[in-house]
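Novice: Based on the hints, put chain Y in the right spot on chain G.
Same order as they appear, the protein sequences are chains G and Y.
Just so you know, we're using the working numbering here: the first sequence kicks off at 1 and counts up by one.
Just so you know, we're using the working numbering here: the second sequence kicks off at 1 and counts up by one.
Keep in mind that the hints were calculated from the coordinates and are not lab data.
Keep in mind that this is a model prediction, so the values were computed, not measured.
Treat the hints with caution; some may be incorrect.
Copies of the same chain look alike in the list, so a pair counts if it works inside one copy or between any two.
[What the hints assert, rightly or not] Once the Cα atoms are required to be at most 30 Å apart in a straight line, the calculated DSS-like pairs of lysine-lysine come out as: (1) K408 x K230; (2) K102 x K224; (3) K83 x K95; (4) K83 x K239.
Protein chains: 2
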Amino acid sequence: MAKLVGNAIFGQSGGPTSVINASASGVFQEALKQNDILKVYGAANGIRGILEENFYDISEEDIEELNLLKTTPSSALGSVRYKLADSAVDDTDYKRLLEVFKKYNIRYFFYNGGNDSMDTCNKVSKYMQKTGYECRVMGVPKTIDNDLFGTDHCPGYASAARYVATSTMEVYHDARVYDSPMVCILEVMGRNAGWLTASTALAAYKGQGPDLIYLPEIPFDMDKFKKDVKEAYDKNKGKVIVAVSEGAKDKSGKYISEYASDLAKTKDSFGHAQLGGTGAYLANVAKEVLGCKVRAIEFSLLQRCAAHCGSKIDVEESFLAGQMAVKYAVQGTTDCMVAYKRAEGKEYKCEIMLLNLSEVANTEKKIPADWITPDGTGLTQDFIDYALPLISEPSAPPMEDGLPRFAKLKKVLAKPE
Amino acid sequence: MAKLVGNAIFGQSGGPTSVINASASGVFQEALKQNDILKVYGAANGIRGILEENFYDISEEDIEELNLLKTTPSSALGSVRYKLADSAVDDTDYKRLLEVFKKYNIRYFFYNGGNDSMDTCNKVSKYMQKTGYECRVMGVPKTIDNDLFGTDHCPGYASAARYVATSTMEVYHDARVYDSPMVCILEVMGRNAGWLTASTALAAYKGQGPDLIYLPEIPFDMDKFKKDVKEAYDKNKGKVIVAVSEGAKDKSGKYISEYASDLAKTKDSFGHAQLGGTGAYLANVAKEVLGCKVRAIEFSLLQRCAAHCGSKIDVEESFLAGQMAVKYAVQGTTDCMVAYKRAEGKEYKCEIMLLNLSEVANTEKKIPADWITPDGTGLTQDFIDYALPLISEPSAPPMEDGLPRFAKLKKVLAKPE
Numbered sequence: 001m002a003k004l005v006g007n008a009i010f011g012q013s014g015g016p017t018s019v020i021n022a023s024a025s026g027v028f029q030e031a032l033k034q035n036d037i038l039k040v041y042g043a044a045n046g047i048r049g050i051l052e053e054n055f056y057d058i059s060e061e062d063i064e065e066l067n068l069l070k071t072t073p074s075s076a077l078g079s080v081r082y083k084l085a086d087s088a089v090d091d092t093d094y095k096r097l098l099e100v101f102k103k104y105n106i107r108y109f110f111y112n113g114g115n116d117s118m119d120t121c122n123k124v125s126k127y128m129q130k131t132g133y134e135c136r137v138m139g140v141p142k143t144i145d146n147d148l149f150g151t152d153h154c155p156g157y158a159s160a161a162r163y164v165a166t167s168t169m170e171v172y173h174d175a176r177v178y179d180s181p182m183v184c185i186l187e188v189m190g191r192n193a194g195w196l197t198a199s200t201a202l203a204a205y206k207g208q209g210p211d212l213i214y215l216p217e218i219p220f221d222m223d224k225f226k227k228d229v230k231e232a233y234d235k236n237k238g239k240v241i242v243a244v245s246e247g248a249k250d251k252s253g254k255y256i257s258e259y260a261s262d263l264a265k266t267k268d269s270f271g272h273a274q275l276g277g278t279g280a281y282l283a284n285v286a287k288e289v290l291g292c293k294v295r296a297i298e299f300s301l302l303q304r305c306a307a308h309c310g311s312k313i314d315v316e317e318s319f320l321a322g323q324m325a326v327k328y329a330v331q332g333t334t335d336c337m338v339a340y341k342r343a344e345g346k347e348y349k350c351e352i353m354l355l356n357l358s359e360v361a362n363t364e365k366k367i368p369a370d371w372i373t374p375d376g377t378g379l380t381q382d383f384i385d386y387a388l389p390l391i392s393e394p395s396a397p398p399m400e401d402g403l404p405r406f407a408k409l410k411k412v413l414a415k416p417e
Numbered sequence: 001m002a003k004l005v006g007n008a009i010f011g012q013s014g015g016p017t018s019v020i021n022a023s024a025s026g027v028f029q030e031a032l033k034q035n036d037i038l039k040v041y042g043a044a045n046g047i048r049g050i051l052e053e054n055f056y057d058i059s060e061e062d063i064e065e066l067n068l069l070k071t072t073p074s075s076a077l078g079s080v081r082y083k084l085a086d087s088a089v090d091d092t093d094y095k096r097l098l099e100v101f102k103k104y105n106i107r108y109f110f111y112n113g114g115n116d117s118m119d120t121c122n123k124v125s126k127y128m129q130k131t132g133y134e135c136r137v138m139g140v141p142k143t144i145d146n147d148l149f150g151t152d153h154c155p156g157y158a159s160a161a162r163y164v165a166t167s168t169m170e171v172y173h174d175a176r177v178y179d180s181p182m183v184c185i186l187e188v189m190g191r192n193a194g195w196l197t198a199s200t201a202l203a204a205y206k207g208q209g210p211d212l213i214y215l216p217e218i219p220f221d222m223d224k225f226k227k228d229v230k231e232a233y234d235k236n237k238g239k240v241i242v243a244v245s246e247g248a249k250d251k252s253g254k255y256i257s258e259y260a261s262d263l264a265k266t267k268d269s270f271g272h273a274q275l276g277g278t279g280a281y282l283a284n285v286a287k288e289v290l291g292c293k294v295r296a297i298e299f300s301l302l303q304r305c306a307a308h309c310g311s312k313i314d315v316e317e318s319f320l321a322g323q324m325a326v327k328y329a330v331q332g333t334t335d336c337m338v339a340y341k342r343a344e345g346k347e348y349k350c351e352i353m354l355l356n357l358s359e360v361a362n363t364e365k366k367i368p369a370d371w372i373t374p375d376g377t378g379l380t381q382d383f384i385d386y387a388l389p390l391i392s393e394p395s396a397p398p399m400e401d402g403l404p405r406f407a408k409l410k411k412v413l414a415k416p417e
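Just chain G, same shape as in the assembly (with noise of 0.2 Å):
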């Protein structure tokens, strides 16, 4: 493939993980290094930093903070929800973006996001490739849903898979500590795929977990849920610990949080309803069903930003796929995703596979039926085998007064050249 000169962008999108930054730190760690690449941009919020040629020159950033925002939780630069369209019926986003790119020589885009990112990433490929502009187009994975199509993981997963399975397991030894039977109900992430939800099957493998799992892969059923969590109640002689993700829905595909509330109704730009109150709602079932002491604990935005509590593997990961998103443009590659292909055998290894775009964009993968136990609130040792692993080894920010020490940003904003 021929040698390709000209600057690079990278952008943030979706919702953030506390890896998303390790994934920048190894996309502008790398690209300062290549001589290919003359300038490195990193784009506020995305995708719309680059219509609004509001970007920032990376060079101008220290290399000690670069390297901090491997264990900086967040989106660094910014994220952004923006749904392209289909150029076919809009093209304007498309033109300005072409202009953009011209203005500022941008041969290089990278991407970092989930499903809808990887979308985005998609029709920005296609459109350069059809107008002809040449420009290398790579994906870099992720998100905490772990639902992404074709690679083993997602980048952000494991480190909030840690982060819920361990607090999981503290909640499980405080929500039995008095001599009265309570419910505790711990609502998780997770819209359509329960992976983040299945991450507190690793504290229930540990003994100190939850006693039923509900996750969206399941059509949730309310009859069964009051049978479920009174036979729990009679089992565990009144101590019940339900995981429930926030996007558990019943078999018309309405969600439980809309059974509680309307908040449900409104609807964010990727038309996907805004969750909430899963868990509350079904404490208040819970405490009809037993009349006793209920808690719903979300783990909300915690989930996602617990850098405090990350997985190490996931960390290296997720740097080493922004450096090698770097490596293969270099070298030619574009129209694709970054991905992990995990190997063969006991001993965990994970390598970085290239996926096209188009086969990702919009396509989410959810737990194998087969993983999910006969009763459909339990996970198999399959599952444990495949998560495990991932968060084998702690992770956490170099510290500053027992406080974490997150990356600092200049932010100088980039000039056209």
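Specialist: Relative to chain G, chain Y alone:
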């Protein structure tokens, strides 16, 4: 003081912390070493376990597991909220306690808890004195609320504070990730004293914390809140973080949580209102005022059991507090609570002192008025200087598969002599 030979019993009471078991570890390991203490018992669910003759023989436990208690959250023996009547009005429980003490030759009684538990401890001590039954009674403090009288700080506070400050810093980054306004309300535990809510000021001190902090020490004024949040919104381009104590109340003494729901009308056995929903209520108020996206995050049980994000000083001091309670008792001290005395000077040093139980029972220590900024929504440097040394070093449990390895006790039921 005369030598006193007999058995010892230890109980845990009130809401657990992530280091209450560190004190248990200190009491158990020291008591097992002392020649004057023959048998060491752990009461199941505090005072109730004694009343019901439901306690464990600690000599049956493995020393490794007793050591792991140092970093195991929650109350390993089980806790209780049980208020002893005034013995002058109803001495049923006291007579029963004396009966059990005699039956098991209990001559040492160690009780670990907060305000209400020190009240229990004090009542037991005074009753035993009155009846002439020789028994040394020692209180060991604990409370994430940090509101016990006479001690520089309380075991459990620093670990909860480190978790809350760390998580607040992480949420600070996550909650400002999009290019649209967002008000995020963090709800922190603390009924009448705002020490734990104030720990979010440590995050603010690092430039990554709340814009506004509402403590129960300052009467909550809804109109002022609306004005404050609007000002912060305008100043920070729509990104606002608020920390509020679950116990925030208006000048009439009405809890903010009571504004929202009738939940708060149910009372627990100590007559405290059941709190909850303060953050969610204020998030809705902010939404009404500003019309932007809002989110309420409740640290809930997570903040009091997060041993994975503990304070090393807290763990070590809590262990020492348990140890010293036993040493003092064997040397002849009774009717006291062990407490912390901080040395003057810049370097952090702390030693164990003694306080009379009647001094500490039911007395609450609040944040000094001059440590709160004049606008009532921040903490001064005096607070930072007080709290920062307490969280300066991390503590985490040993790991197994990347997950915490918590203590597993055998809990062999004790039999009378």
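Novice: Now tell me, hint by hint, if it's right for this structure.
Specialist: Hints, verified against the model:
1. K408 x K230: between (50 Å within a copy, 27 Å between copies)
2. K102 x K224: Result: close neither inside a copy nor across copies, 59 Å intra and 51 Å inter.
3. K83 x K95: within (15 Å within a copy, 72 Å between copies)
4. K83 x K239: Classified as between: cross-chain Cα gap 23 Å, same-chain 45 Å, threshold 30 Å.
Hint compliance for this structure: hint 2 alone is broken.
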